[in-house]
Structures are given as structure tokens and as C-alpha cells.
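*Asks:* Those protein sequence lines, which keep their order, are chains A and B.
In terms of the numbering used here, the first sequence is residues 1 to 160.
In terms of the numbering used here, the second sequence is residues 161 to 275.
Because the hints were derived from the structure by calculation, they are not lab data.
All residues carry an ideal CB built from backbone N, CA and C; glycine is no exception.
Any given hint might turn out to be false.
Using 30 Å as the maximum straight-line C-alpha spacing, the simulated BS3-like pairs for lysine-lysine come out as follows [stated by the list, open to error]:
#: 1; chain 1: B; residue 1: Lys246; chain 2: A; residue 2: Lys68
#: 2; chain 1: B; residue 1: Lys214; chain 2: A; residue 2: Lys36
#: 3; chain 1: A; residue 1: Lys37; chain 2: B; residue 2: Lys214
#: 4; chain 1: A; residue 1: Lys10; chain 2: B; residue 2: Lys251
#: 5; chain 1: A; residue 1: Lys69; chain 2: A; residue 2: Lys10
#: 6; chain 1: A; residue 1: Lys68; chain 2: B; residue 2: Lys188
#: 7; chain 1: B; residue 1: Lys188; chain 2: A; residue 2: Lys69
#: 8; chain 1: B; residue 1: Lys188; chain 2: A; residue 2: Lys5
#: 9; chain 1: A; residue 1: Lys68; chain 2: A; residue 2: Lys5
#: 10; chain 1: B; residue 1: Lys188; chain 2: B; residue 2: Lys251
#: 11; chain 1: B; residue 1: Lys251; chain 2: A; residue 2: Lys69
#: 12; chain 1: B; residue 1: Lys251; chain 2: A; residue 2: Lys146
#: 13; chain 1: A; residue 1: Lys5; chain 2: A; residue 2: Lys69
#: 14; chain 1: B; residue 1: Lys214; chain 2: A; residue 2: Lys69
#: 15; chain 1: A; residue 1: Lys5; chain 2: B; residue 2: Lys246
#: 16; chain 1: A; residue 1: Lys68; chain 2: B; residue 2: Lys251
#: 17; chain 1: B; residue 1: Lys188; chain 2: A; residue 2: Lys10
#: 18; chain 1: A; residue 1: Lys10; chain 2: B; residue 2: Lys246
#: 19; chain 1: A; residue 1: Lys10; chain 2: A; residue 2: Lys68
#: 20; chain 1: B; residue 1: Lys251; chain 2: B; residue 2: Lys214
Partial pick of chain A residues on the chain B-facing surface, computed with a CB cut under 10 Å [unchecked claim]:
#: 21; residue: Gly44
#: 22; residue: Gly72
#: 23; residue: Glu109
#: 24; residue: Ala128
#: 25; residue: Ala131
Stretches of chain A that chain B covers, calculated by requiring three or more beta carbons in the stretch to come under 8 Å of a beta carbon on chain B [to be verified]:
#: 26; segment: 15-28
#: 27; segment: 81-93
#: 28; segment: 112-126
Letter by letter, the chains look like this.
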Amino acid sequence: MISVKPGSLKESRPHEYVMRFVFGGLCTAAAGLIAKKFGPGVGGLFLAFPAIFPASSSLVESHEKRRKKEAGLQGERRGRDAAAVDAAGAALGAIGLMVFALMVWRLLEGRSAAGVIAAATLAWAVTAGAAWWMRRTLVHVLRRRKTRSASADAAELERR
Amino acid sequence: MTESLVRFAIGGVVVSLFAILGDLFQPKSFAGLFGAAPSIALATLGLTVAHSGKAYAALEARSMMLGAAAFLVYAALVSWAGMRWKLDALKTTLGLMPVWFAVSFGAWMVLRVVR
Chain A
1 MISVKPGSLK ESRPHEYVMR FVFGGLCTAA AGLIAKKFGP GVGGLFLAFP
51 AIFPASSSLV ESHEKRRKKE AGLQGERRGR DAAAVDAAGA ALGAIGLMVF
101 ALMVWRLLEG RSAAGVIAAA TLAWAVTAGA AWWMRRTLVH VLRRRKTRSA
151 SADAAELERR
Chain B
161 MTESLVRFAI GGVVVSLFAI LGDLFQPKSF AGLFGAAPSI ALATLGLTVA
211 HSGKAYAALE ARSMMLGAAA FLVYAALVSW AGMRWKLDAL KTTLGLMPVW
261 FAVSFGAWMV LRVVR
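Okay, chain A solo, but in the shape it has when bound:
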């Protein structure tokens, strides 16, 4: 189930917000400079550069680790698992990113730029959300099947 946890914002420290701002700003400025120097073909690639992904992933890991440590547990493994799950989500978000780019490419000319960019952003959200929901449903179905087959095996063993 999806939930919003405003309290999780308190987990980030001020320097972490600054780091994201600086990384994001640098990558955006660099994308502009690359497009200017090498043209829109190469410049466009960098519009989908995983700009703050390494920093975000590392923050997810350290927040989870800290949470477990505060609960008196060894959180290194859980932190790494959380970062891996976060990366799986980013992979699904990238499907939405492809749809965003496709819409801007095909629809921009002859239409309002603001309208097309807004519609493409909505398409990103819908596609990414749908991909996440489909993956979640698939994982649940596979897990249920595995549990059912394990309990069937156990019942068979008992019968013997």
C-alpha cells in the first residue's frame, strides 16, 4: 500500500538537501553546455542522465541503516536491501521517462511547449505508476504460487 510519511523528511540532514541541490544544478547546467558543444543529439542523452541517483541511493541506505541502529539492530544488510529496492523503482520510473521523451519528441512542434511538457510529465507519472503496480501484482502472484506449492509439498510429505 502506498503511504505518505511527512516525518521521513526529518531524517534528511541539511547538508543532504544542499548536496542534492548542487548535484542537480550541476548536472542540469552541464547538460546545457554539452548540448551547446556537441549538438542536440548528444545533449539530449544527458536529459536522462542519472544525476542524483548515486547520492539518493546512498542516502536511502544510510537512512535505513541509521533507523535500524537506533532500534539496536545491525542495519547494514537492511540498508543495502533498501537501496536495491529503491533502484528497482528507479528502473520502472525510467520506463515513464522514455514515454515522457517520446511525447515531447512527437508532439512539441506546432503545439504549446508548456502544454506538451505538462502532458508528458503526467504521462511519466501514469506510466511509472502503472509499471510499479504491474510489478507489484506480479511479485504477489509469484509469491502466492510459491507458498501454495510449498504447502502442497508439505501436505504430500505428511501423507507419506
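With the hints as your guide, set chain B onto chain A.
*Replies:* This is chain B only, laid out in the frame that chain A set:
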């Protein structure tokens, strides 16, 4: 220089906003979607349209599709490697970054040759 500073400021704000959205949501797999939000594109496309026109921005968006496909491969590999070997997140994401460059530039070059 001024244009770069404007891009820096807008990019910093947009990327931070999506990162905050990602922090707000649970579960982690859903929050991760925001890691691949079109933050750089949103920060830069409006300026590109204003300075270089819609045709130029559309060409950038066409290449962006390849960059996004490379992001998909890269993030999936990061997730798989993290689950499989329980590696440090920063080392995994940075260590696999060449995958993004190889896939995006490789696909771009293939398309150039084909066309």
C-alpha cells in the same frame, strides 16, 4: 555564463523537489520511481525551446529516449547487483555508471549508422 547559472538554479530546485517527493512516499520501490523523474528535462526543456526553438528541443527529446533506456538498464543492474551481492550503494551506483554511458552512446551511434 548567465544561462548556465539559471540552468543550475532551476535544475537544483526541480531535482530537489523530486528528491523530496521520493523521501515522502513508502514503500521504497514506489519512492524509487522519483529517482527517474524527468527533473533535468523539466528544468532545461523550457529554456531550450525559448533559446533554440521547438525543433531543436524535439531533437533533444528524441535522444533523451535513448538516455532513458540506458537509465532503465543501469538502474535494473544496480538493483540486481545490490540484491545479489549486498554491495555498498554508492560504490555500486558509481561503479556501474559506465553502463549508462555505454548503452546510451552505443544506441545513439547505432541509430546514426542505421539512418
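*Asks:* Does each hint hold? Answer for all of them.
*Replies:* Going through the hints against the structure:
no., hint, verdict
1, Lys246(B) <-> Lys68(A), "16 Å, holds"
2, Lys214(B) <-> Lys36(A), "15 Å, holds"
3, Lys37(A) <-> Lys214(B), "19 Å, holds"
4, Lys10(A) <-> Lys251(B), "25 Å, holds"
5, Lys69(A) <-> Lys10(A), "17 Å, holds"
6, Lys68(A) <-> Lys188(B), "15 Å, holds"
7, Lys188(B) <-> Lys69(A), "19 Å, holds"
8, Lys188(B) <-> Lys5(A), "12 Å, holds"
9, Lys68(A) <-> Lys5(A), "17 Å, holds"
10, Lys188(B) <-> Lys251(B), "20 Å, holds"
11, Lys251(B) <-> Lys69(A), "21 Å, holds"
12, Lys251(B) <-> Lys146(A), "33 Å, violated"
13, Lys5(A) <-> Lys69(A), "20 Å, holds"
14, Lys214(B) <-> Lys69(A), "52 Å, violated"
15, Lys5(A) <-> Lys246(B), "26 Å, holds"
16, Lys68(A) <-> Lys251(B), "21 Å, holds"
17, Lys188(B) <-> Lys10(A), "17 Å, holds"
18, Lys10(A) <-> Lys246(B), "27 Å, holds"
19, Lys10(A) <-> Lys68(A), "16 Å, holds"
20, Lys251(B) <-> Lys214(B), "39 Å, violated"
21, Gly44, "3 Å, holds"
22, Gly72, "21 Å, violated"
23, Glu109, "5 Å, holds"
24, Ala128, "5 Å, holds"
25, Ala131, "8 Å, holds"
26, 15-28, "holds (count 10)"
27, 81-93, "holds (count 13)"
28, 112-126, "holds (count 6)"
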